[in-house]
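All chains should be built: construct the whole structure from the sequences, respecting the hints.
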Amino acid sequence: MIELKQVNKTYRKDAEEVRALADVSLKVEAGEFLAVVGPSGSGKSTLMNVLGLLDRPDSGSYQLDEGEVDAFTPDELARLRNEKIGFVFQTFHLLPKTTALENVELPLIYSSRPDISGLGARALEQVGLKDRAKHLPSELSGGQQQRVAIARALVNDPELILADEPTGNLDTRAGLEVLAIFQELNRQGKTVVLITHDAAVAAMANRVVEIVDGRIVSDAPVAEPKDAARELAGWTGNGGQA
Amino acid sequence: MKTRRLIRHGLKGMGRHRLRTFFMMLGTFVGVLALNLVVAIGQGTRDAVLGNIERMFAGNSILLSAGGGGMMGGPRVEGPTTTLIMDDLEEILRTVPGVTVYDPMVMAPSREVVYQGNSSTVRVLGHSENHERVWDRGVSRGSFFGEAEVRSSARVALVGETLVREVFEGADPIGLQLRVGTVPFEVIGVLDSMGVDPHGWDRDNEVIIPVTTMMRRVMNIDYVQSAKILVAQGDDLEGAVQAIEGLLRERHALATDEPDDFSMITPVQVREMVGSMNRIFTLFLPLLAGVSLFIGGIVVANLMLMGVNERRSEIGLRKAVGARARDIWIQFLLESSLVTVAGGILALMVGAVLLSIIAMGLEIPSVMPWQAATLGLGAAVAVGLVAGVFPARRASALDPVTTLRE
Numbered sequence: 037m038i039e040l041k042q043v044n045k046t047y048r049k050d051a052e053e054v055r056a057l058a059d060v061s062l063k064v065e066a067g068e069f070l071a072v073v074g075p076s077g078s079g080k081s082t083l084m085n086v087l088g089l090l091d092r093p094d095s096g097s098y099q100l101d102e103g104e105v106d107a108f109t110p111d112e113l114a115r116l117r118n119e120k121i122g123f124v125f126q127t128f129h130l131l132p133k134t135t136a137l138e139n140v141e142l143p144l145i146y147s148s149r150p151d152i153s154g155l156g157a158r159a160l161e162q163v164g165l166k167d168r169a170k171h172l173p174s175e176l177s178g179g180q181q182q183r184v185a186i187a188r189a190l191v192n193d194p195e196l197i198l199a200d201e202p203t204g205n206l207d208t209r210a211g212l213e214v215l216a217i218f219q220e221l222n223r224q225g226k227t228v229v230l231i232t233h234d235a236a237v238a239a240m241a242n243r244v245v246e247i248v249d250g251r252i253v254s255d256a257p258v259a260e261p262k263d264a265a266r267e268l269a270g271w272t273g274n275g276g277q278a
Numbered sequence: 038m039k040t041r042r043l044i045r046h047g048l049k050g051m052g053r054h055r056l057r058t059f060f061m062m063l064g065t066f067v068g069v070l071a072l073n074l075v076v077a078i079g080q081g082t083r084d085a086v087l088g089n090i091e092r093m094f095a096g097n098s099i100l101l102s103a104g105g106g107g108m109m110g111g112p113r114v115e116g117p118t119t120t121l122i123m124d125d126l127e128e129i130l131r132t133v134p135g136v137t138v139y140d141p142m143v144m145a146p147s148r149e150v151v152y153q154g155n156s157s158t159v160r161v162l163g164h165s166e167n168h169e170r171v172w173d174r175g176v177s178r179g180s181f182f183g184e185a186e187v188r189s190s191a192r193v194a195l196v197g198e199t200l201v202r203e204v205f206e207g208a209d210p211i212g213l214q215l216r217v218g219t220v221p222f223e224v225i226g227v228l229d230s231m232g233v234d235p236h237g238w239d240r241d242n243e244v245i246i247p248v249t250t251m252m253r254r255v256m257n258i259d260y261v262q263s264a265k266i267l268v269a270q271g272d273d274l275e276g277a278v279q280a281i282e283g284l285l286r287e288r289h290a291l292a293t294d295e296p297d298d299f300s301m302i303t304p305v306q307v308r309e310m311v312g313s314m315n316r317i318f319t320l321f322l323p324l325l326a327g328v329s330l331f332i333g334g335i336v337v338a339n340l341m342l343m344g345v346n347e348r349r350s351e352i353g354l355r356k357a358v359g360a361r362a363r364d365i366w367i368q369f370l371l372e373s374s375l376v377t378v379a380g381g382i383l384a385l386m387v388g389a390v391l392l393s394i395i396a397m398g399l400e401i402p403s404v405m406p407w408q409a410a411t412l413g414l415g416a417a418v419a420v421g422l423v424a425g426v427f428p429a430r431r432a433s434a435l436d437p438v439t440t441l442r443e
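If you read the sequences in order, they're chains A and B.
For the first sequence, the residue numbers in the working numbering are 37 to 278.
For the second sequence, the residue numbers in the working numbering are 38 to 443.
Careful: at least some of the hints might be erroneous.
To be verified - Not the full set, but computed from the structure, chain B residues with beta-carbon under 8 Å of chain A:
hint	residue
1	Lys39
2	Ile332
3	Gly359
4	Ala434
As the list claims (entries may be wrong) - Below, computed lysine-lysine pairings styled on DSSO-like, alpha-carbon distance capped at 30 Å:
hint	chain 1	residue 1	chain 2	residue 2
5	A	Lys49	A	Lys63
6	B	Lys39	A	Lys63
7	B	Lys39	A	Lys166
For the record, the hints were derived by calculation from the structure and aren't laboratory data.
Just so we're clear, the structure is a prediction, and the values are computed from it rather than from any experiment.
Backbone N, C-alpha and C define an ideal beta-carbon position, used for all residues, glycine too.
Right, dumping it as structure tokens:
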């Protein structure tokens, strides 16, 4: 469970102060699929960095599973990121010259789990890339690279998946494949927070929060979320490729 | 468990940046090799040089040379060098208290010697029968010439081992006729082998003949170039030096404002010289090697920094997936020290090979001393750590929020 209360975050960009988050209060229950939408520069990414424990708010409170985040040391935050959160980025952030499997296993290096064997292969299987384990990122398509990145986010079995424009660099078909994976993960009980500026992508979530100039301007459940897998099946493939 | 994972992961990562790893290794390699060679050769040379000097200046001795000015490192000889004669030396022995024996020397740096069509260019030295006692160098075969031969300017010669090998082709030279320039000599002995001296002379490529023969028949001069004078143990060496100076100035009729036309070195001065030589070997040369190691370290540090800059987003990602600042720090420090240790070990191996080659060529005892090996490896580790700390710190301090957005 995630709860933000009156969270503020201000950046100093050159001489100008940018208020990235202004009195943001947000509660995300376990098992939700939340989309955060808003124009670029609205504070979406800052919200994700705060939720992902990469950045600390200037003021306000952030409760993660009953713990107040502000009280944790940097090392404890690193451990929480490792165990509870999986990140998916727009630009994938895979290590070059490193196989898909080794990329997936990266978080395990920093894990205190005693036994990590087989976890990487299992995560790759979850995203349908078991047969690409030995491939380098440069040998994979964009969609496949993003699925490797999702496998990396899953490998430590986190409760929360944070995805920042995960379909931004993908064509429609690959984007739908990625979204289908998120929906499946959500059905299996993972909390998914997806940041996007694309309304069609947000329509896959159970709930959409809109943020403008650092403020939440709307927060509503989606009556009938679209099913990415079904869209994919009905998709004729005009101009797109996997 | 976790550290082992980190190390294994770090080792794999090194292979992914082959070019950078190679140049980092090269930087350490050159530095450690230089340090290693300098220390090993320096030690070997110092031992050889000090051994020779000990032998030259054993006991209470004075080295007297014709010509004023300094010697061995001082300004070059000034004034006439033709004024020191045998009678001067005889008078020193007779009148200066404590002086027990002397050995004059006249040297021709390169003369042609011929034996049955084999010729070679050697150093020819004229000495007295006291040479054996004064310089502690005798013969290994045959016998040294005596007072009678010196008095009669006999044409007898002692030859070094190099000559035996090259001119006599290994045959026993005793009794054979050797021509020095145009003068024929009978070989009566083979000199003790001494190898190469600190000045680079092959002391086995020498011929020693009576000093009188040298002056009259070979050089046609009536003066000597230098002499080594022994003073009895326990006698006042400084007093002897002053007495000799007074005596020679008087005999050479030098006015009070004229400088000496001779110079003397005593073990006291030599000890000072050895001290400064020691400083060169133990301080200056390693310092020079240290500079190359330092530059190697800078190369490593720069390449590491480049690596950190290139891998900003990788570092951000690692932090996002749970790496603590310490984990990043360890990773980069591990990379730099592994690479430099590898470079250091490589340098030690190449150094050992080079040293044995050099040792063969220079005839100096320079098997790699364990000090040099330990120092080299220690230096490599130190370079790795010192050159790695700053880049690693910079890497671990990177903010994932900004690096991930790049």
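Next pair to validate is lysine 39 (chain B) with lysine 63 (chain A); report whether the Cα-Cα distance is within 30 Å.
35 Å, violated
Mind checking the alpha carbons of lysine 39 (chain B) and lysine 166 (chain A) for me, to see if they're no more than 30 Å apart?
26 Å, holds
Next item in the hint list is alanine 434 (chain B). Is there a CB on chain A closer than 8 Å to its CB?
Violated: closest Cβ of chain A sits about 11 Å from alanine 434 (chain B), beyond 8 Å.
Would the stated hint for glycine 359 (chain B) survive a check requiring a Cβ distance to chain A of less than 8 Å?
2 Å, holds
So, lysine 39 (chain B) near chain A? Judge it on the closest CB pair being under 8 Å.
With a minimum Cβ separation of about 6 Å from chain A (threshold 8 Å), the hint on lysine 39 (chain B) holds.
Let me know if the C-beta of isoleucine 332 (chain B) comes in closer than 8 Å to any C-beta of chain A, holds or violated.
Check failed: Cβ of isoleucine 332 (chain B) comes no nearer than 30 Å to chain A, outside 8 Å.
Holds or violated: lysine 49 (chain A) to lysine 63 (chain A), with C-alpha atoms at most 30 Å apart:
The hint holds at about 29 Å.
When held up to the earlier numbered hints, the structure conflicts with 2, 4 and 6 and fits the remainder.
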